[in-house]
Amino acid sequence: MIFTSFLRETLCRTKNLMLSRTCSIHICTKAIQNMISSRGLYQHANQLLSRKASHRLSSQVRGVKSRKNPHTERQEEEWRKRNRTVLTYIAAAGVGMIGMSYAAVPLYRLYCQTSGLGGTAQSSHDAEQVESMTPVKDRIIKITFNADVHASMQWNFKPQQSEIYVIPGETALAFYKAKNPTDKPVIGISTYNVVPFEAGQYFNKIQCFCFEEQRLNPKEEVDMPVFFYIDPEFDEDPRMAKVDTITLSYTFFEAKEGQKPPIPGYS
Amino acid sequence: MSTAMNFGNKSFTPRPPDKGAFPLDHLGECKKFKEVFMECLKDNRYDSSMCRMQSKNYLECRMERQLMAKEPLQKLGFKDLLNQSGEDPKH
Numbered sequence: 001m002i003f004t005s006f007l008r009e010t011l012c013r014t015k016n017l018m019l020s021r022t023c024s025i026h027i028c029t030k031a032i033q034n035m036i037s038s039r040g041l042y043q044h045a046n047q048l049l050s051r052k053a054s055h056r057l058s059s060q061v062r063g064v065k066s067r068k069n070p071h072t073e074r075q076e077e078e079w080r081k082r083n084r085t086v087l088t089y090i091a092a093a094g095v096g097m098i099g100m101s102y103a104a105v106p107l108y109r110l111y112c113q114t115s116g117l118g119g120t121a122q123s124s125h126d127a128e129q130v131e132s133m134t135p136v137k138d139r140i141i142k143i144t145f146n147a148d149v150h151a152s153m154q155w156n157f158k159p160q161q162s163e164i165y166v167i168p169g170e171t172a173l174a175f176y177k178a179k180n181p182t183d184k185p186v187i188g189i190s191t192y193n194v195v196p197f198e199a200g201q202y203f204n205k206i207q208c209f210c211f212e213e214q215r216l217n218p219k220e221e222v223d224m225p226v227f228f229y230i231d232p233e234f235d236e237d238p239r240m241a242k243v244d245t246i247t248l249s250y251t252f253f254e255a256k257e258g259q260k261p262p263i264p265g266y267s
Numbered sequence: 268m269s270t271a272m273n274f275g276n277k278s279f280t281p282r283p284p285d286k287g288a289f290p291l292d293h294l295g296e297c298k299k300f301k302e303v304f305m306e307c308l309k310d311n312r313y314d315s316s317m318c319r320m321q322s323k324n325y326l327e328c329r330m331e332r333q334l335m336a337k338e339p340l341q342k343l344g345f346k347d348l349l350n351q352s353g354e355d356p357k358h
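The listed protein sequences correspond, in order, to chains A and B. Per the numbering used here, residue 1 is the first one in the first sequence, and the count goes up by one each step. Per the numbering used here, residue 268 is the first one in the second sequence, and the count goes up by one each step.
Keep in mind that the hints are not guaranteed to be accurate.
Said to hold, decoys possible - Here chain B is said to cover these stretches of chain A; the calculated rule only asks that three of the stretch's residues, wherever they fall, bring their Cβ under 8 Å from a Cβ of chain B:
hint, segment
1, 196-204
2, 209-221
Unchecked claim - Just so you have them, the derived chain B footprint on chain A, three or more residues with Cβ under 8 Å:
hint, segment
3, 166-175
4, 186-193
Keep in mind the hints are simulated off the structure, nothing from the lab. Note that beta-carbon positions come from the ideal geometry of N, C-alpha and C, so glycine has one too.
Produce the complete structure using the sequences and hints provided.
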């Protein structure tokens, strides 16, 4: 009996030290008494050694604040979920934009093919316009002609007139002359250039000798006509107000047999 | 090939002719008409408006000899010339 009471006291004191200071002694002894009566000394000593506070005691501890407030925890989780949805939407939009910018290239090409604009913004030149256009009589433009050949091409190529005076809206004819001085037939193909650059869009060729293979037999000389007109809208363009000379320049290249050159325009 | 650098990369893109290319006049069938036209130009100080009749004749020669696709002359901008000389053959 004495031994039990002594043991009880020591246990209580050690427990007191281990638990928080708010534990009062009478709770301690009472708990110890209960424990001893129900479980036995051995079990209680085991529990003490394992440094765990008993459940009954800790539930009665007052004033210890938990880190998580149960009321705000649900709201915070809601916010987190909402943030995640918003972030997903933004990421999806970003990826969508990048995808659209890649898709735009073939889509634009398709649009150009169907609309026939060829990537440049210019008014259409159709046959009806030639028929219905009225010449602008008070604006005289000088057209000068230039002829070039590629270095390896042996034709003699030159214009038959150095200049010609035309008015916008009126069709005009001009001639070039080409001679093949060699003993072999030579196939040539030509391209042209118009200076100044902005006037080039008003320079419309009805028919010429460019962009198709032209074959000259040995020692042959031919006349090559160019049938063209200047768009009447040339007179209304403010950028063209100072322009009164347009230079048309043709360059001939040698074409290999069987080679099919691409037609200029959007392909 | 642009003259002004403020265009950046924009360069001249040649356009194909509206009615395609003239077949070459290897046999010189319309050379006479061309000579008449060039004479006219020289006489009129290379004024194209004065020599439109000659250019019309040259093109008609080409059309007759299969050197040019046949087109009504109004489509080639010779409407006023047709009104002047009413007996011109219309194709």
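Structure-based check of each hint:
no. : hint    : verdict
1   : 196-204 : holds (count 4)
2   : 209-221 : holds (count 9)
3   : 166-175 : holds (count 7)
4   : 186-193 : holds (count 3)
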